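Novice: Sequence:
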Amino acid sequence: MKSERLLSLDVLRGITIVGMILVNNPGTWESVYAPLRHAEWNGLTPTDLVFPFFMFIMGVSMSFALSRFDHHFSRSFITKLVRRTVILFLLGLFLSWFSLVCAGVEQPFSQIRILGVLQRLALAYFFGSLLIMSVRRPANLAWISAIILIGYTVLLALGNGFELSEQNIIAVTDRTLFGETHLYREWLPDGGRIFFDPEGLLSTLPCIAQVIIGYFCGNILREKTEIHHRLLQISILGIVLLFAGWLLSYGCPLNKKVWSPTFVLVTCGFASLFLVLLTWLIDIRKKQKWAYPFHVFGTNPLFIYVVAGVLATLLEVITVSGISLQGRIYASIRLILPDAYLASLIYGLLFIGFNYLIVWGLYKKRIFIKI
Numbered sequence: 001m002k003s004e005r006l007l008s009l010d011v012l013r014g015i016t017i018v019g020m021i022l023v024n025n026p027g028t029w030e031s032v033y034a035p036l037r038h039a040e041w042n043g044l045t046p047t048d049l050v051f052p053f054f055m056f057i058m059g060v061s062m063s064f065a066l067s068r069f070d071h072h073f074s075r076s077f078i079t080k081l082v083r084r085t086v087i088l089f090l091l092g093l094f095l096s097w098f099s100l101v102c103a104g105v106e107q108p109f110s111q112i113r114i115l116g117v118l119q120r121l122a123l124a125y126f127f128g129s130l131l132i133m134s135v136r137r138p139a140n141l142a143w144i145s146a147i148i149l150i151g152y153t154v155l156l157a158l159g160n161g162f163e164l165s166e167q168n169i170i171a172v173t174d175r176t177l178f179g180e181t182h183l184y185r186e187w188l189p190d191g192g193r194i195f196f197d198p199e200g201l202l203s204t205l206p207c208i209a210q211v212i213i214g215y216f217c218g219n220i221l222r223e224k225t226e227i228h229h230r231l232l233q234i235s236i237l238g239i240v241l242l243f244a245g246w247l248l249s250y251g252c253p254l255n256k257k258v259w260s261p262t263f264v265l266v267t268c269g270f271a272s273l274f275l276v277l278l279t280w281l282i283d284i285r286k287k288q289k290w291a292y293p294f295h296v297f298g299t300n301p302l303f304i305y306v307v308a309g310v311l312a313t314l315l316e317v318i319t320v321s322g323i324s325l326q327g328r329i330y331a332s333i334r335l336i337l338p339d340a341y342l343a344s345l346i347y348g349l350l351f352i353g354f355n356y357l358i359v360w361g362l363y364k365k366r367i368f369i370k371i
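Residue numbers (the UniProt record's numbering): 1 to 371.
Just to be clear, a hint being listed does not mean it is correct.
No more than 25 Å apart at the CA atoms, straight line, and that leaves these computed lysine to aspartate or glutamate pairs for DMTMM-like [stated by the list, open to error]:
1. K224 <-> D70
2. K370 <-> D70
3. K364 <-> D283
4. K286 <-> E223
5. K224 <-> D283
6. K287 <-> E226
7. K80 <-> D70
8. K286 <-> E226
9. K287 <-> E223
Keep in mind that the hints were calculated from the coordinates and are not lab data. These numbers were taken from a predicted model, which means no experiment stands behind them.
Construct all of the structure, not just a fragment, from the sequences and the given hints.
Specialist: Take a look at the structure:
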């Protein structure tokens, strides 16, 4: 069952990567369907599930990858940990630098965004791995996760953490450590912008707990008990997390941009239940044909995410008669589909299709780029 479970994991990873590319690449940001937008502040949309799903999946994968080290800090483990962390972080910096260079910024390093999606994955992977390897008893990891989430809740409560303002403790921390020129500028409801990074350093803390919860689910999948029993365990855990997060959200709002503890619980609940559904559908019912494209994406997920980021930047900066390639393609779609929202969605789907051709070529040649 090991390879089959990994197939389910690849499919879930692929679905998540497709979602990440889709929500980042509409034909125009002015015409995007509501489910494909992030919540402006508090709340949860389908789009808000994408990134935490990938964080959860990383934790599940770590259960398989780290099992061979048996909680021993060997030289090979340290080498792998440091190498992958550095590569992920540098790739995130590269995407920021590349967009600035293409935009014509003369000194891109003076404005490069220090934090971002890949940088957050790198930090959560690094510290999550260290905790997992340091603690032998799973029950202790559960307590550590709880302490992280409770402590982070206290920080948010005492530091204006639930306010979208530059006085938010997350913004203050990032501004103090990195300076304003290296931060993302968040949009306000009135159209203004402030220096507030949704992938801030402090808000990476609860992501470590998210990774550990994914690790727990991976451990359950690796058990030698009957598969239905394992899926039942994960389902119960998912339901408990989902309801706990929903009930606690009355005091601690669901908020992706600060990665609130209730956001961790709810998204981990959804992710674990989705993992159960895919495992039942693919591994038990053997319904696998529909999942082939997602499996292809899931075999080279971070590579195609980086490629998609580079391609999206090039489509924005390369112009023909003063109009970007993205604008021309979108305008061409509008000639066929007058509905701006539908045309914007079709552009995103076509962009995914182009990236699929790239990753499918690698898959057919059995080339899997490990990042």
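Novice: State for each hint whether it applies.
Specialist: Each hint tested on the structure:
Proposed proximity of K224 and D70 is supported: the alpha carbons are some 17 Å apart, at most 25 Å. Taken as a hint, the K370 and D70 pair is honoured in the structure, with Cα atoms around 22 Å apart against an allowance of 25 Å. Simply put, K364 and D283 have alpha-carbon atoms about 22 Å apart, close enough for the 25 Å limit, and the pair holds. A hinted pair counts as satisfied when its Cα atoms are at most 25 Å apart, and K286 with E223 qualifies at roughly 21 Å.
Taking the CA atoms of K224 and D283, the gap is about 15 Å. The hint holds against a cut of 25 Å. Distance restraint check for K287 and E226: the Cα-Cα separation of roughly 20 Å lies within the 25 Å cut-off, and the hinted pair is therefore satisfied. This hinted pair checks out: K80 and D70 have alpha carbons roughly 15 Å apart, not beyond 25 Å. A threshold of 25 Å between alpha carbons decides the hint, and for K286 with E226 the separation of about 17 Å falls inside it, so the pair holds.
With a C-alpha separation of about 23 Å, the suggested pair K287 and E223 falls inside the 25 Å cut-off, and the hint holds.
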